[in-house]
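Visitor: Chain by chain, the residues:
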Amino acid sequence: MNEIITEKNYPVQGLWVFKSNFVSLFTLLFSSLIFFLAYDIYDTSETSKDSEAVFYIFLLMVGLSIIYFIDTILRRANFHYSIEEKFLTVKQGILSKQQRHIPYGVIQNLFIKQDLLDRIFGLASLTIENASQGSGALGTPRQQVEIVGFFGNRVIIPGLTQKDAEILKGIILQKMKENPIDDSQSGL
Amino acid sequence: MKIAYSKTREQFPLSYKKIIKKTIASTIKITILLLVIWGFLASMIISIDPEMINWLKMVLFGILGPLFLFILLTYLYQRWYFAVYFYDLTPDFIQIKKGPITPREITIPYERVQDVYVDQDLLDRIFGLYDVHLSSATISSGMEAHIDGLEKQAAEGLRNILLQTVQQKISKNRNTNTPTIKAQ
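Top line first, the protein sequences correspond to chains V and P.
Just so it is clear: in the first sequence, position 117 is 117 by the working numbering, and no numbers are missing.
Each number in the working numbering comes from the position in the second sequence (counting from 1) with 188 added on.
Certain hints may be false.
Claimed, not checked - 27 Å max Cα-Cα, derived DSS-like pairs, lysine-lysine:
| id | chain 1 | residue 1 | chain 2 | residue 2 |
| --- | --- | --- | --- | --- |
| 1 | P | Lys360 | V | Lys86 |
| 2 | P | Lys340 | P | Lys210 |
| 3 | P | Lys217 | P | Lys245 |
| 4 | V | Lys177 | P | Lys286 |
| 5 | P | Lys217 | V | Lys163 |
| 6 | V | Lys97 | V | Lys177 |
| 7 | V | Lys169 | P | Lys205 |
| 8 | V | Lys177 | P | Lys217 |
| 9 | V | Lys169 | P | Lys210 |
| 10 | P | Lys190 | V | Lys169 |
| 11 | V | Lys163 | V | Lys91 |
| 12 | P | Lys195 | P | Lys360 |
| 13 | P | Lys210 | V | Lys163 |
| 14 | P | Lys217 | V | Lys169 |
| 15 | V | Lys177 | V | Lys163 |
| 16 | P | Lys190 | V | Lys163 |
| 17 | P | Lys245 | V | Lys169 |
| 18 | P | Lys217 | P | Lys360 |
| 19 | P | Lys286 | P | Lys217 |
| 20 | P | Lys245 | P | Lys340 |
| 21 | V | Lys163 | P | Lys205 |
Unchecked claim - Per the computed footprint, the stretches of chain V lying under chain P, defined by three or more beta-carbons under 8 Å from a beta-carbon of chain P, are:
| id | segment |
| --- | --- |
| 22 | 80-94 |
| 23 | 113-123 |
| 24 | 163-177 |
Since the hints were derived computationally from the structure, they do not count as laboratory data.
Just so it is clear, the structure is predicted and the values come from calculations on it, not from any experiment.
Using N, Cα and C, we set each Cβ at its ideal position, and we do this for glycine too.
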């Protein structure tokens with residue numbers, strides 16, 4: 001395995017963009033349905049001012065959803081990881097760029113999880129954690145959209161296919177085995 | 189019920205009592221919740237119209253039906269959860285995977301284990317079950333890395349083998365990387 005493995009080998013699937021925005025897209029679709037149904041009724045009556053206000057709120061929602069969606073696409077496009085010989089290098093950032101290098105020896109645990117939508121779309125997310133607290137912690141991430149990249153002590157690679165996630169986990173575990181650190185942090 | 193056996197689970201099996209324990213635990217929770225809601229509504233309705241007491245009695249029976257359905261569903265879910273519960277001590281890593289619908293899998297190297305502890309909650313005491321927790325330095329490992337519902341013997345066996353392997357791994361790393369100082 002001399003080749004350096006990057007996100008080109010095991011990519012974050014495009015489907016993940018939809019999956020992570022699923023809730024907001026679904027809400028948008030649902031509310032637009034209600035809005036247009038209600039709009040018909042409002043239009044015939046004489047409360048046009050009310051319907052105008054509702055229309056602006058609706059417009060705001062559409063705008064926000066589109067911004068979130070584009071943001072997710074850009075985040076995904078700007079997220080790069082590479083499994084190098086001694087370090088796991090992760091790059092992220094749309095405007096302000098960040099780079100992070102994690103030695104394999106200090107990885108505390110790997111975590112693969114699938115939520116309900118992941119199960120439906122056949123995706124899985126891989127989290128790599130070490131014991132550091134500082135790096136990459138630029139505020140807390142948004143809650144409603146699943147993040148890609150690193151913050152705090154974790155690197156999250158979401159939207160992998162289930163098979164890719166397993167393979168990637170295997171590769172990183174292999175690297176951890178090959179690169180133990182001298183000084184153990186364990187308290188036992 | 190097809191159980192996700194690993195070598196470790198064969199050696200230190202989960203107790204079947206775990207299913208019952210979990211079902212009882214969630215039944216207690218939902219019963220208390222329903223009673224609180226019912227009591228609240230009842231006191232409100234009675235304060236409005238004392239004649240409604242008979243009607244409330246009927247509602248109480250109406251609650252019992254869904255409760256039994258809930259218990260049945262919980263039991264089936266816990267059985268499923270029990271069946272897919274996977275834990276394995278491989279030569280280099282500890283692997284724990286659980287959750288039938290939304291699976292979560294954690295892998296911890298032995299060298300990174302920060303502590304191992306065994307505990308029992310109240311229902312565990314009644315059923316004679318033990319939980320073995322182990323964690324690395326991360327929050328998610330504290331949340332995920334535990335093996336619940338072992339009998340005493342299995343819990344102690346698992347704890348001892350964990351401690352032994354961790355000890356071995358650490359001292360092996362130490363010996364290969366730093367010269368040992370001879371005791372006087």
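Visitor: If a hint holds in the structure, say so; if it doesn't, say that too.
Guide: Evaluation of the provided hints:
1. At roughly 21 Å between alpha-carbon atoms, P:Lys360 and V:Lys86 fall within 27 Å of each other, so this suggested pair holds.
2. For the proposed pair P:Lys340 and P:Lys210, the alpha carbon gap of about 18 Å is at most 27 Å, so the pair holds.
3. Distance check on the hinted pair: P:Lys217 and P:Lys245 sit about 22 Å apart at the alpha-carbon level, within 27 Å; holds.
4. At most 27 Å may separate the alpha-carbon atoms for a hinted pair to count; V:Lys177 and P:Lys286 meet this at roughly 24 Å.
5. For the hint linking P:Lys217 to V:Lys163, the alpha-carbon distance of about 38 Å lies beyond 27 Å, and the restraint is violated.
6. Note on V:Lys97 and V:Lys177: the hinted pairing is violated, with a Cα-Cα distance of about 31 Å set against a maximum of 27 Å.
7. For the given pair, V:Lys169 sits about 33 Å from P:Lys205 by alpha-carbon distance, which is inconsistent with the 27 Å threshold.
8. A threshold of 27 Å between alpha carbons decides the hint, and for V:Lys177 with P:Lys217 the separation of about 44 Å lies outside it, so the pair is violated.
9. Distance hint between V:Lys169 and P:Lys210 is unfulfilled; the C-alpha atoms sit about 31 Å from each other, more than 27 Å.
10. Among the hinted pairs, P:Lys190 with V:Lys169 is consistent with the structure: their alpha-carbon atoms are about 26 Å apart, no more than 27 Å.
11. This hinted pair checks out: V:Lys163 and V:Lys91 have alpha carbons roughly 23 Å apart, not beyond 27 Å.
12. For a cut-off of 27 Å, the pair hint linking P:Lys195 to P:Lys360 stands: about 24 Å separates their Cα positions.
13. At roughly 32 Å between alpha-carbon atoms, P:Lys210 and V:Lys163 are farther apart than 27 Å, so this suggested pair is violated.
14. Simply put, P:Lys217 and V:Lys169 have alpha-carbon atoms about 38 Å apart, too far for the 27 Å limit, and the pair is violated.
15. Between the alpha carbons of V:Lys177 and V:Lys163 the distance comes to roughly 21 Å, so the proposed pair stays at or under 27 Å and holds.
16. A threshold of 27 Å between alpha carbons decides the hint, and for P:Lys190 with V:Lys163 the separation of about 23 Å falls inside it, so the pair holds.
17. Restraint check for P:Lys245 and V:Lys169: the C-alpha separation of about 57 Å exceeds 27 Å, so the hint is violated.
18. Restraint check: the Cα-Cα separation between P:Lys217 and P:Lys360 comes to about 47 Å, which exceeds 27 Å; the hinted pair is violated.
19. A distance of roughly 22 Å separates the Cα atoms of P:Lys286 and P:Lys217; the hinted pair therefore holds under the 27 Å criterion.
20. A threshold of 27 Å between alpha carbons decides the hint, and for P:Lys245 with P:Lys340 the separation of about 45 Å lies outside it, so the pair is violated.
21. With a CA separation close to 34 Å, the supplied pair V:Lys163 and P:Lys205 exceeds the 27 Å bound.
22. Residues of the segment 80-94 of chain V lying with their CB closer than 8 Å to a CB of chain P number 0, which falls below the three-residue condition for coverage.
23. With 6 residues having a Cβ less than 8 Å from any Cβ of chain P, the segment 113-123 of chain V passes the three-residue criterion, so the hint holds.
24. With 4 residues having a beta carbon nearer than 8 Å to a beta carbon of chain P, the segment 163-177 of chain V meets the requirement of three or more and the stated coverage holds.
When each numbered hint is compared with the structure, violations occur for hints 5, 6, 7, 8, 9, 13, 14, 17, 18, 20, 21, 22.
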